[in-house]
Amino acid sequence: MPVEDKSKSLLPFLSSPKLLPNESEAEFQSGLQSLLSELDNPSPLAVALVSQLNESLWWIKRHTVDKELLLHEAMARLLSKAGSNWMGSGNSKLSVALEHYLSGSAHKDEVDFIEQALDEANLTLSDLRARAFKDAARHIKMVDDLIHRQHQTMRHLQRSIDSIDYKSRLVKRMDLELVALESKQSVKGALTLDDKSS
Amino acid sequence: MTTNPRRNLANRCNALKSTGPRSVSGKRASSQNSRKHGLNSPPDFESSPKYQALVELIAEEGFSGFACADIAAGLLNYRRVMDAYYDTYTSPEPVDEFLRDANVKASNPIFSELLSPSGSESQDVREMAAFFASMQRQERRKGGPVSRRSADTHKLIRYQRNGIARLSRAVRQG
Numbered sequence: 001m002p003v004e005d006k007s008k009s010l011l012p013f014l015s016s017p018k019l020l021p022n023e024s025e026a027e028f029q030s031g032l033q034s035l036l037s038e039l040d041n042p043s044p045l046a047v048a049l050v051s052q053l054n055e056s057l058w059w060i061k062r063h064t065v066d067k068e069l070l071l072h073e074a075m076a077r078l079l080s081k082a083g084s085n086w087m088g089s090g091n092s093k094l095s096v097a098l099e100h101y102l103s104g105s106a107h108k109d110e111v112d113f114i115e116q117a118l119d120e121a122n123l124t125l126s127d128l129r130a131r132a133f134k135d136a137a138r139h140i141k142m143v144d145d146l147i148h149r150q151h152q153t154m155r156h157l158q159r160s161i162d163s164i165d166y167k168s169r170l171v172k173r174m175d176l177e178l179v180a181l182e183s184k185q186s187v188k189g190a191l192t193l194d195d196k197s198s
Numbered sequence: 001m002t003t004n005p006r007r008n009l010a011n012r013c014n015a016l017k018s019t020g021p022r023s024v025s026g027k028r029a030s031s032q033n034s035r036k037h038g039l040n041s042p043p044d045f046e047s048s049p050k051y052q053a054l055v056e057l058i059a060e061e062g063f064s065g066f067a068c069a070d071i072a073a074g075l076l077n078y079r080r081v082m083d084a085y086y087d088t089y090t091s092p093e094p095v096d097e098f099l100r101d102a103n104v105k106a107s108n109p110i111f112s113e114l115l116s117p118s119g120s121e122s123q124d125v126r127e128m129a130a131f132f133a134s135m136q137r138q139e140r141r142k143g144g145p146v147s148r149r150s151a152d153t154h155k156l157i158r159y160q161r162n163g164i165a166r167l168s169r170a171v172r173q174g
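Sequence order for the protein chains is A and B.
Take the first sequence: its position 150, counting from 1, is numbered 150 in the working numbering, and each next residue is one higher.
Take the second sequence: its position 132, counting from 1, is numbered 132 in the working numbering, and each next residue is one higher.
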């Protein structure tokens, strides 16, 4: 049975993984399809487990992005604390400008703003990053825990899929051995009949 | 765990002496007690039509009746955890920008102006400013939206661990 048909059997009864508004459904589905295509025995349960595996991979991606965002958040906080922007909307404006600056998509005004803030704080970008890493260490550790948990989850799912696969192989092997025994038995029976008749 | 009536009674008597949280942070934490993800309440999968359908489909793969029930419940439970995980991740506690960015020292004249008509003394103003500063410290410690969602999601790790362990055990023992 094709994978697509099998995937229709169990998954409709389970809530499907939700995506964030800025995430690509096509990318998520292509990841799932590539994992499914690696299944030797795409039974409904195996397909359901692979779908959970794909979700775990997706969560690892999200949390990895979060680690970088945490650093940016801490960098903006440090800059605004050190400079004269520690009031009102300065902090959020600084965060946005820094985000653009780090991704290389900042306008000239934003570049000037960040460079002025760095000057005021008497810091280079790498200094700021190092300090931010220290500042956000507690939260970064939390995200590392979340990523580690997803890895553990994937290991559990992989073991479960292997167990289903092993079970089906075992059943097949036993069927084959049974057929072989039966054919052997029938050959033996035929030989004894031949001996008796001769 | 065995239940001991004497210990139960002692626990109840001791609980009556409790007057709840005393510190500011304790009171703030307990004020959020009603905001729960629902993962502590026991689920009732057996009565849902999805459960029956899942059991029937899993049974077609050659699992025993008990194993099918375990696997179906494990799958539904795991999905319940992951749905709560997503909801927690996407709706973190909002950042109080006013509290985070406010200048406590600069607010002292406002506190004294607010408190002086009622005849309060400078001690009250200091206490109010200290309370405000402690709330601000907590707000800043929580960080921005990404820090908050990471911290909130981190609390669900144990539910995820238990959920996947239950599902995995059901499949491997089936």
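Rather than coming from a laboratory, the hints here were simulated on the basis of the structure.
We treat Cβ as the ideally placed atom computed from N, Cα and C, and that holds for glycine.
Among the clues, some could well be false.
Said to hold, decoys possible - Pair ranges (Cβ atoms, derived): (1) B:ARG161 with A:ASP112: 43 to 51 Å; (2) A:GLN33 with B:GLU60: 19 to 27 Å; (3) B:PHE98 with A:GLN116: 23 to 31 Å; (4) B:GLN123 with A:GLU115: 25 to 33 Å; (5) A:GLN158 with B:PHE66: 23 to 31 Å; (6) B:ARG12 with A:GLN33: 52 to 60 Å; (7) A:LEU19 with B:GLN138: 30 to 38 Å; (8) B:SER30 with A:GLN116: 41 to 49 Å; (9) B:GLU60 with A:HIS151: 42 to 50 Å.
What the hints assert, rightly or not - No more than 30 Å apart at the CA atoms, straight line, and that leaves these computed lysine-lysine pairs for DSS-like: (10) B:LYS27 with A:LYS61; (11) A:LYS108 with A:LYS67; (12) B:LYS50 with B:LYS142; (13) A:LYS167 with A:LYS184; (14) A:LYS184 with A:LYS172; (15) B:LYS105 with A:LYS141; (16) A:LYS18 with A:LYS81; (17) A:LYS81 with B:LYS27; (18) B:LYS155 with B:LYS105; (19) B:LYS17 with A:LYS18; (20) A:LYS141 with B:LYS27; (21) A:LYS18 with A:LYS61; (22) B:LYS27 with A:LYS18; (23) B:LYS142 with B:LYS155; (24) A:LYS67 with A:LYS134; (25) A:LYS167 with B:LYS105; (26) A:LYS67 with A:LYS184; (27) B:LYS142 with A:LYS141; (28) B:LYS50 with A:LYS81; (29) A:LYS61 with B:LYS17; (30) A:LYS196 with A:LYS184; (31) A:LYS134 with B:LYS105; (32) A:LYS134 with B:LYS17; (33) B:LYS105 with A:LYS81; (34) A:LYS81 with A:LYS141; (35) B:LYS27 with B:LYS17; (36) A:LYS93 with A:LYS108; (37) A:LYS93 with B:LYS17; (38) B:LYS155 with A:LYS18; (39) B:LYS142 with A:LYS67; (40) B:LYS50 with A:LYS93.
Here's how the hints hold up against the structure:
Checked against the hint of 43 to 51 Å, the C-beta distance between B:ARG161 and A:ASP112 comes to roughly 48 Å, which is consistent with it. Between A:GLN33 and B:GLU60 the C-beta distance comes to about 23 Å, which sits within the given range of 19 to 27 Å. With their beta carbons about 25 Å apart, B:PHE98 and A:GLN116 fall inside the hinted range of 23 to 31 Å. For the hinted restraint 25 to 33 Å between B:GLN123 and A:GLU115, the CB-CB distance of approximately 46 Å leaves it violated.
Look at A:GLN158 against B:PHE66: about 24 Å separates their beta carbons, and that is inside 23 to 31 Å. Remark: the range hint 52 to 60 Å for B:ARG12 to A:GLN33 is upheld by a beta-carbon distance near 57 Å. Against the hinted window of 30 to 38 Å, the Cβ-Cβ separation of A:LEU19 and B:GLN138 comes to about 33 Å, which satisfies the hint. About 44 Å separates the C-beta atoms of B:SER30 and A:GLN116, a value consistent with the hinted range of 41 to 49 Å.
Checked against the hint of 42 to 50 Å, the C-beta distance between B:GLU60 and A:HIS151 comes to roughly 32 Å, which is inconsistent with it. For the proposed pair B:LYS27 and A:LYS61, the alpha carbon gap of about 36 Å is over 30 Å, so the pair is violated. As the CA atoms of A:LYS108 and A:LYS67 are separated by approximately 27 Å, the hinted pair is consistent with the 30 Å bound. Of the pairs offered as hints, the one joining B:LYS50 and B:LYS142 is violated, with about 40 Å between alpha carbons and a cut-off of 30 Å exceeded.
Distance hint between A:LYS167 and A:LYS184 is fulfilled; the C-alpha atoms sit about 25 Å from each other, no more than 30 Å. Distance hint between A:LYS184 and A:LYS172 is fulfilled; the C-alpha atoms sit about 18 Å from each other, no more than 30 Å. A distance of roughly 33 Å separates the Cα atoms of B:LYS105 and A:LYS141; the hinted pair therefore is violated under the 30 Å criterion. For the hint pairing A:LYS18 with A:LYS81, the CA-to-CA distance comes to about 37 Å; that exceeds 30 Å, so the pair is violated.
Of the pairs offered as hints, the one joining A:LYS81 and B:LYS27 holds, with about 29 Å between alpha carbons and a cut-off of 30 Å not exceeded. For the proposed pair B:LYS155 and B:LYS105, the alpha carbon gap of about 35 Å is over 30 Å, so the pair is violated. Taking the CA atoms of B:LYS17 and A:LYS18, the gap is near 46 Å; set against the 30 Å cutoff, the hint is violated. The suggested pairing of A:LYS141 with B:LYS27 holds, with an alpha-carbon distance near 27 Å, which does not exceed 30 Å.
Under the criterion of a C-alpha separation no larger than 30 Å, the hint pairing A:LYS18 with A:LYS61 is consistent with the structure, at around 14 Å. Between B:LYS27 and A:LYS18, the direct Cα distance comes to roughly 34 Å. Violation of the 30 Å bound is thereby established for this hinted pair. Annotation: proposed proximity of B:LYS142 to B:LYS155 holds, straight-line Cα distance about 14 Å (limit 30 Å). Among the hinted pairs, A:LYS67 with A:LYS134 is consistent with the structure: their alpha-carbon atoms are about 13 Å apart, no more than 30 Å.
Between A:LYS167 and B:LYS105 the CA atoms are separated by roughly 70 Å; this puts the pair beyond 30 Å, and the hint is violated. A distance of roughly 64 Å separates the Cα atoms of A:LYS67 and A:LYS184; the hinted pair therefore is violated under the 30 Å criterion. Only pairs whose Cα atoms come within 30 Å are accepted, and B:LYS142 paired with A:LYS141 is accepted, the gap being roughly 14 Å. With a C-alpha separation of about 53 Å, the suggested pair B:LYS50 and A:LYS81 falls outside the 30 Å cut-off, and the hint is violated.
Note on A:LYS61 and B:LYS17: the hinted pairing is violated, with a Cα-Cα distance of about 49 Å set against a maximum of 30 Å. Of the supplied pair hints, the one linking A:LYS196 and A:LYS184 holds, its CA atoms being roughly 18 Å apart against a limit of 30 Å. Simply put, A:LYS134 and B:LYS105 have alpha-carbon atoms about 27 Å apart, close enough for the 30 Å limit, and the pair holds. Proximity of A:LYS134 to B:LYS17 is assessed by CA-CA distance (about 43 Å); at most 30 Å being required, the pair is judged violated.
Note on B:LYS105 and A:LYS81: the hinted pairing holds, with a Cα-Cα distance of about 15 Å set against a maximum of 30 Å. Of the supplied pair hints, the one linking A:LYS81 and A:LYS141 holds, its CA atoms being roughly 23 Å apart against a limit of 30 Å. Of the pairs offered as hints, the one joining B:LYS27 and B:LYS17 holds, with about 17 Å between alpha carbons and a cut-off of 30 Å not exceeded. Between A:LYS93 and A:LYS108 the CA atoms are separated by roughly 15 Å; this keeps the pair inside 30 Å, and the hint holds.
Taken as a hint, the A:LYS93 and B:LYS17 pair is broken in the structure, with Cα atoms around 50 Å apart against an allowance of 30 Å. Straight-line distance between C-alpha atoms of B:LYS155 and A:LYS18 comes to about 20 Å, which keeps the hinted pair within the 30 Å bound. Annotation: proposed proximity of B:LYS142 to A:LYS67 holds, straight-line Cα distance about 15 Å (limit 30 Å). With a C-alpha separation of about 48 Å, the suggested pairing of B:LYS50 with A:LYS93 is violated against the 30 Å cut-off.
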